[in-house]
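Protein chains: 2
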Amino acid sequence: MVQKKKGRPRKFDRDAALEAAMLVFWEKGYDAASLDDLTAAMSINRPSLYGTYGDKAALFREAMRAYGDTYGKSAIEAFLGGTTPHQAVEGFLKTLITNNTQEAPSPRGCMMANCGPTVCETMEDVATELQNGLAETEQLICGRFDAFRQQGFLPEDFPSVARATMLADMMYGLAFRARTGTCRQDMLYQLSDRVGAILN
Amino acid sequence: MVQKKKGRPRKFDRDAALEAAMLVFWEKGYDAASLDDLTAAMSINRPSLYGTYGDKAALFREAMRAYGDTYGKSAIEAFLGGTTPHQAVEGFLKTLITNNTQEAPSPRGCMMANCGPTVCETMEDVATELQNGLAETEQLICGRFDAFRQQGFLPEDFPSVARATMLADMMYGLAFRARTGTCRQDMLYQLSDRVGAILN
DNA sequence: GATAATTTATACTGAATGGTATATAAAGTG
DNA sequence: CACTTTATATACCATTCAGTATAAATTATC
Numbered sequence: 066m067v068q069k070k071k072g073r074p075r076k077f078d079r080d081a082a083l084e085a086a087m088l089v090f091w092e093k094g095y096d097a098a099s100l101d102d103l104t105a106a107m108s109i110n111r112p113s114l115y116g117t118y119g120d121k122a123a124l125f126r127e128a129m130r131a132y133g134d135t136y137g138k139s140a141i142e143a144f145l146g147g148t149t150p151h152q153a154v155e156g157f158l159k160t161l162i163t164n165n166t167q168e169a170p171s172p173r174g175c176m177m178a179n180c181g182p183t184v185c186e187t188m189e190d191v192a193t194e195l196q197n198g199l200a201e202t203e204q205l206i207c208g209r210f211d212a213f214r215q216q217g218f219l220p221e222d223f224p225s226v227a228r229a230t231m232l233a234d235m236m237y238g239l240a241f242r243a244r245t246g247t248c249r250q251d252m253l254y255q256l257s258d259r260v261g262a263i264l265n
Numbered sequence: 066m067v068q069k070k071k072g073r074p075r076k077f078d079r080d081a082a083l084e085a086a087m088l089v090f091w092e093k094g095y096d097a098a099s100l101d102d103l104t105a106a107m108s109i110n111r112p113s114l115y116g117t118y119g120d121k122a123a124l125f126r127e128a129m130r131a132y133g134d135t136y137g138k139s140a141i142e143a144f145l146g147g148t149t150p151h152q153a154v155e156g157f158l159k160t161l162i163t164n165n166t167q168e169a170p171s172p173r174g175c176m177m178a179n180c181g182p183t184v185c186e187t188m189e190d191v192a193t194e195l196q197n198g199l200a201e202t203e204q205l206i207c208g209r210f211d212a213f214r215q216q217g218f219l220p221e222d223f224p225s226v227a228r229a230t231m232l233a234d235m236m237y238g239l240a241f242r243a244r245t246g247t248c249r250q251d252m253l254y255q256l257s258d259r260v261g262a263i264l265n
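These protein sequence lines map, in sequence, to chains A and B. For the first sequence, the numbering used here begins at 66 and goes up steadily by one. For the second sequence, the numbering used here begins at 66 and goes up steadily by one.
Since the hints were made in silico from the structure, they are not lab data. Just to be clear, a hint being listed does not mean it is correct.
[Unchecked claim] Straight line, CA to CA, 25 Å or less: simulated DMTMM-like cross-link-like pairs of lysine to aspartate or glutamate:
1) A:Lys121 / B:Asp101
2) B:Lys159 / A:Glu186
3) B:Lys93 / A:Glu186
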């Protein structure tokens, strides 16, 4: 049952403001994103930010999770939604390339791959979450490979674990390339080679 | 000929201080590395830093170049020094894993892969340098693959470009893994799979 | 309508930031 | 030895930083 809260109701959409914060962190990284940057993008004031999310670090962690639940999720969903290994791998990589090279307001690259690692030495819990997220992704990929193999789509000796690892490596390679300026077309050009490398 | 400079001689070793700055940037990233952090690690004072390197951004760019000329170079040198494809690829990946998981004072991961991308959206020249550095690395790898092929070490239809790309992707995958806490042993465990993926 | 609870808005705080002015020290040059 | 040049050391600057105190506003409950 939905219980109405007592005090003055929040004036802004919590998730929409979080998404706006995510875009700021994604563009500038954790340290260069000032509270003025954040509150301006979120269209809220500082006490609202602190009251709703905690502090800057907590907001960053939530923003990372929000990124994982949207952009991050879309690639693995495309993979799991594929009905053939080729479709799965191609869908995964294509989604990554698309996400990494979207126009404004999205910055280039991947928030988790490009902005997460910088703070790992000072925010150990972020490091752990990123590591766990990668492990989870690889497990999902590996499990799906195994299912494909059992369905006869892949040879009996298909090395699911190694290929899942390789696909993850490509994810970080693509993120770096996009962040440093490689355009979508150039990455799509290599797509079939990458798919082939994973499946052959 | 070595011409002595006129004024008071510099009291510190320019390269050693640059290396100290590099370690700070590597650990904290560009924005979180304060001038107090930097000058303390370099054992110099602010005017010396500004007089010698310019400003914080210029110091960062030099530190990135210094990283590339030492840590970055060592991996590609190991590759080029290999006398067989297997030796080259394994040496490349092994050097990366070693560099990415060194003990103190080295932070985890790779400065260029983990700390460079964060600032790409605000320092476009850094983005360009990172992109060029990657392109150069891939060309060197590709060229060596071609030479191996002509020597008969690799099949006639070996896809040098695609495999060079894949090897670069692994570089970024390893950097992410190391930065987020994967230990050396775990990455060495996957080594033979990665070598096989590149060469088979 | 009074009260309690919660959010908002503005203004503020002490600390930290990147960068510099000023003065002193140490070298070469005439 | 005077002069020029360069580097060092300290102290300083205006700005920006993350975070908060205070008071007004808006809701539910009694």
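To test your reading of the hints: which numbers does this structure violate?
Every hint satisfied by this model.
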